[in-house]
Amino acid sequence: MIISALLAVPLIGAIILMFLPRENKELLKMFAVGVATLNFIISLPLYFMYDSAAVSPDGYRFAAQIAWIPSLSISYHVGVDGLNLFLILLTTFLTVICILSSWTAIEEQLTEYLAIMLFLETAVIGVFVSLDLFLFYLFWEASLIPMAILIGRWGGKNRIYAATKFILYTMVGSAPMLVAMLAVYVWGGHTADLPTLVANANVIPPDTQKWLFFAFALAFAVKVPLFPLHTWLPSAHVEAPTAGSIILAGVLLKMGTYSLMRYAMPLFPMAIATWTPLLVSLSVIGILYGALVALVQDDVKKLVAYSSVAHMGFIVLGMFSGGQIGMSAAVVQMVNHGLSTGMLFFLIGVLYEQRHTREFSEYGGIWVKVPVFGVFLILATFSSVGLPGLNGFVGEFLVLLSTFSVNRTAAIFATFGIVLGAWYLLTAVRKVLFGPLNTANENLIDMTFQNKPREFCISVAIIALCFLIGLFPNLLFDKINPATAQLATLIHATTLIAGQ
Amino acid sequence: MIDQIPLSYYLLLSAILFTIGAGGVLIRRNAIIILMCVEMMMNAVNLTFIAFSRYLQSADGQIFVFMIMVVAAVEVAVGLALLVELNRHREAVNIDEFNSLKG
Amino acid sequence: MANFIWLVIALPVLGALFNGILGRRVGYQVVSMVGPAVVLAAFLVGVGAFIDVLNHQGEAIQVHLWTWATIGNFNVPVTLLVDPVSATMVLVVTGIGFLIHVYATDYMVHHDHDHTHPDRDFARFFTFLNIFIASMLILVLGNNYALMFVGWELVGACSYLLIGFWYDRTEDPQRAIEIDGAESVSIPSLLSPAASGMKAFVVNRIGDVGFALGIFLIWSTIGSLEFTTVFEKVHELDHNTISWIALLLFVGAMGKSAQIPLYVWLPDAMAGPTPVSALIHAATMVTAGVYMIVRSHAIYNLAPEVSLFIAFVGAITAFIAGTIALVQVDLKRVLAYSTVSQLGYMFMAVGVGAYSSGMFHLVTHAFFKACLFLGAGSVMHALHDVIDIRRMGGLKDKMPHTYRTFFIAGLALAGIPPMSGFFSKDEIMAKAFEASPILWGIGIVTAGMTAFYTFRAIFIAFHGEPRDHHLYEHAHENRSAVTVPLWILAALATFGGLLGLPAPILNELGIPIPHLLDNWLKPVLEIAHAAEHGEAHHLSFMTEVVLLLTSSVVAIGSVGLAYFFYVVNPEIPKNLARTTRPLFAVLANKYYVDEIYNSIIVQPALNLSKTMAQGVDMVIIDKGIVDGVAKVIGMIGGLLGDLQSGYIRHYALATFIGALLMVGYFFFR
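One line per chain: the protein sequences are A, B and C, in this order. Using the working numbering, the letters of the first sequence correspond one by one to residues 3 to 502. Using the working numbering, the letters of the second sequence correspond one by one to residues 554 to 656. Using the working numbering, the letters of the third sequence correspond one by one to residues 40 to 708.
Don't read these hints as lab results, they were simulated from the structure. Hints should not be assumed to be uniformly reliable.
Claimed, not checked - Listed next, the stretches of chain A that the computed footprint assigns to chain C, with coverage defined by at least 3 CB atoms under 8 Å from CB atoms of chain C:
no., region
1, 106-118
2, 199-213
3, 292-301
4, 321-334
5, 362-373
6, 430-436
To be verified - 27 Å max Cα-Cα, derived BS3-like pairs, lysine-lysine:
no., chain 1, residue 1, chain 2, residue 2
7, A, K27, A, K212
8, A, K304, C, K272
9, C, K662, A, K304
10, A, K159, A, K31
11, A, K454, A, K31
12, A, K159, A, K304
13, A, K159, C, K649
14, A, K159, C, K662
15, C, K272, C, K561
16, A, K27, A, K454
17, A, K212, A, K304
18, C, K613, A, K304
19, A, K454, A, K371
20, C, K613, C, K435
21, C, K662, C, K649
22, C, K561, A, K159
23, A, K371, A, K304
Because the structure is a prediction, the values reported are computed rather than measured. Glycine is no exception: its CB is placed at the ideal position from the N, C-alpha and C atoms.
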């Protein structure tokens, strides 16, 4: 029920929004925020009622299954477990933030903009909760369109190029996935139901699994994005409006990593061993490469975009470190990256709205003018750098710890990524906040509660979550562990079978 | 009497009509004539249907013909409307002037 | 009290929250009450815990707060460990921390006739300082490596923020060092505070990589990170693994405690406010590496090669840093290199297995070096931020309290008996002699240099004629918030030696005075003692005495030499510098280490990064592969597009031919 409501509320909200008077912008915005907030509130019981909820036999809670196309065994099957619980919460949370962050930034075609944001929320939540291949593919492709429109309509100068690139990249990835899905559908007994397919996973011959895994992983790797499939990300981020960047980095990238864990790994457990070396190498390369490239960027958003490549590398690395620790850490790191990068993009947006530039050379020494903003920026950076006490540390440390016990070389290289991470992020902070004041910034307005209550409250909320996760990560791990344990056991068992 | 006329005669006539129609479509430039030629090709097909219907003693073919006639009527209506519009915009019925579908 | 040990962390955090959120509104007087008060409260709790541990005969008390992370069999509790070692550290951190907080309440305020101008970011300063205290306490109180790493990283972050505290200042061009009128040795300009802070953080992170890898290795081989479990099980590992663990952990210590080759950040860290230099970069944070090794002695006892390596790294660092300190003209930098050098002594001690001696020197060093730094800050404060000793001179009458305390602490640093530094350093020297006379040799030479450069600075700055009369006129003694902490620290620097009187000698002489610190730390270091005593061939009484006398003579002689050079006949050092100009230039330029690192690490990394960003990413991957694929597809489309003439007739013909072909196929097949 809750999940269906989560899917329905933004969609219905988007439709109602279309019929509201276009001129009354305040009403439109209030309504959209209201809908998003309502959805966030609806999603909270997923966390707080998680343990008491009825558990379906395969470990999903709040599950709902309604036959949709019975003749093809396609059903509306949704459910929550440790893998997607926090991603759903992250989505509902960040959508509220996104709409709030575009309060003054978006003027043109506000109705459409807000409707698209809400539609995007439905699509993304749909990707996370689907337990049916067909349903999943539907939402997966559906999420593509609103994002592309967000970039292409409300973006920067090169927005059409960026939007096209975004669409084509993702499509190229998902086309082979569709074929592979059909193959899984046929092999797995003519059903699109994920739990059934997972139970039948061993029916598919190992060689076929390898190729099917590849097809799935390709689609997801584009979304993550994994080196060298990442070049759509910087251009998309640079062109996207602030809210687009927040939702893109915060949630859409996680669709890739989440789907790897939800689909590629349990459906093709025999193929994991084959592809692990490649995926681990690519993620380690991504960690170092993203960091190196980020080091010399002139555009703040580009820097954060490349840092995403590096951070997402840690997540993939954790997933393929072969143990439960790495997987749990990867899930937490997805949430962490969503919060810290979302926060960074949000703060960049606050600056951009006032100065209409993102070049480092235009800033410098602005901490004098904006002390409160500076504190938030430093905290967000620390969270991104992986400083203990904040959230980023939890994921990064445990991913590396887990990787080290399996693949020492990878772990050693990846650990050097944290040096580079500190280097480029602190360089960014230094270029923006420190040094003598660049006089062009004389009129910047600080983000105090009096001046900008909306921005201030958003930042406080995100930072509070960062500290909460950093200090009490077990709040998350308690819920995540059963799911990752199950996955790890499954993979382990398959490896044992394959070994014999 | 009609029983004495072999099936092949009908088919031959139909083929001739169809070829004339096809030739007209390919050669003529006036859009109205092309449209008429298309009609002719369709009627050639209709003739075949009727002939086989009679030959096989089955009504299926005649049902097809009704269908085709309806479609043809619709097609003419749409086609002529298009031509009128084209004529208004471009003041020409010469189809060689319409090549904006070029890839 | 030990069960409430979490208060020592919580109190500074509360102080930081208060100062950080309300500090700007409540005014600087309130901030300067709250900031030190929370640390004092933490100190009192620490004393209570100390007494508790004393009553428990040094038995460790564990206070479990919550479980940080649990995944499968991985488990990190947030548990605080109170035992003699951590209790000592808590007292040092909060005690000296409190004094420095008090000092900073005045240091961060500029007095101008009757007006007082608190620093623009007065509240921010105390916020950071309080967070630092909390972080440092997490580091020393954690009962497992993960928690220690948390503190380890957090103190690094605080250090970053505090070094870059005056973030809007630019880099400071240093004037060339003049040897005489004609000749001068150019020296590089000083990094801006923001750049220094970043350098410190990044260099520390390099060390942290080692530390983290060490922790990962412990986890993957032992399956736990808790100290007690690790130390129980470590001997089950093979020797190679133990050595790797020991080495990797030490890499972390190299970063945090500024040892070769990662010491380069510490001198630049002097760009921060002086209380920060005193607290973080002399007394507490930089000793974290020593603390870590003392804490991990169970591992290091099993890795004698690594331990010896550590001892030599320490000795060489002590020597190199000492030589650089000889020619520095920036008072704080003299002290900074001296800190690096003294940390080298501590590593020499722990490297030869003399853990309690290392702790002893850590404590006394905290006393006298904090005092010296605060003294230097007092001078800076009086001279409006001038720190170049060549512009000072004759300050001893203008600033009597600062001078006297600086002199006392200088004596302690120089190792003049019976100051605290004498006892702690001598203990290390004796232990080093036991392990290897080479170490002792390096140590004694360094000790001579230490005494020399300390008193060189004192004589140039405080004695003689004023060199800059304008500054001299301006100079004045500071208020009691500055001088009282100075005197307290000077007293500690004088009597701190009582903690560790040379028991072997005294006992031999029939004076039954125990080595207090040794006995106090014994419960924790028992394993170390057992190992030490098992194979111990203790130095004979005569050797001990001879070593003691040698140290004293060298120290006193060097002070005398400094007096002769800089007070009696100032021409000698100038002549000496002129005759050894190349060597002098190398030392003044710190062996060009920064330049070397810059050209072999930083620049190549940046170049690689540029190549990656502009070459590989933009050209090869994006323009080449991605756009290339798009272009090829576009070309194919273009070719096929030519087939679409746009003439209906062509399409019809194609259809017709196609139909014919199909019919023909079925007809003739």
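Hints, one by one, checked against the model:
| no. | hint | verdict |
| --- | --- | --- |
| 1 | 106-118 | violated (count 0) |
| 2 | 199-213 | violated (count 0) |
| 3 | 292-301 | holds (count 5) |
| 4 | 321-334 | holds (count 5) |
| 5 | 362-373 | holds (count 4) |
| 6 | 430-436 | holds (count 3) |
| 7 | K27/A x K212/A | violated, 52 Å |
| 8 | K304/A x K272/C | violated, 48 Å |
| 9 | K662/C x K304/A | holds, 17 Å |
| 10 | K159/A x K31/A | holds, 25 Å |
| 11 | K454/A x K31/A | holds, 17 Å |
| 12 | K159/A x K304/A | holds, 15 Å |
| 13 | K159/A x K649/C | holds, 25 Å |
| 14 | K159/A x K662/C | holds, 19 Å |
| 15 | K272/C x K561/C | holds, 21 Å |
| 16 | K27/A x K454/A | holds, 19 Å |
| 17 | K212/A x K304/A | violated, 35 Å |
| 18 | K613/C x K304/A | violated, 54 Å |
| 19 | K454/A x K371/A | holds, 14 Å |
| 20 | K613/C x K435/C | holds, 23 Å |
| 21 | K662/C x K649/C | holds, 16 Å |
| 22 | K561/C x K159/A | violated, 70 Å |
| 23 | K371/A x K304/A | holds, 24 Å |
In terms of the numbered hints stated before, the structure departs from hints 1, 2, 7, 8, 17, 18 and 22, listed from lowest to highest.
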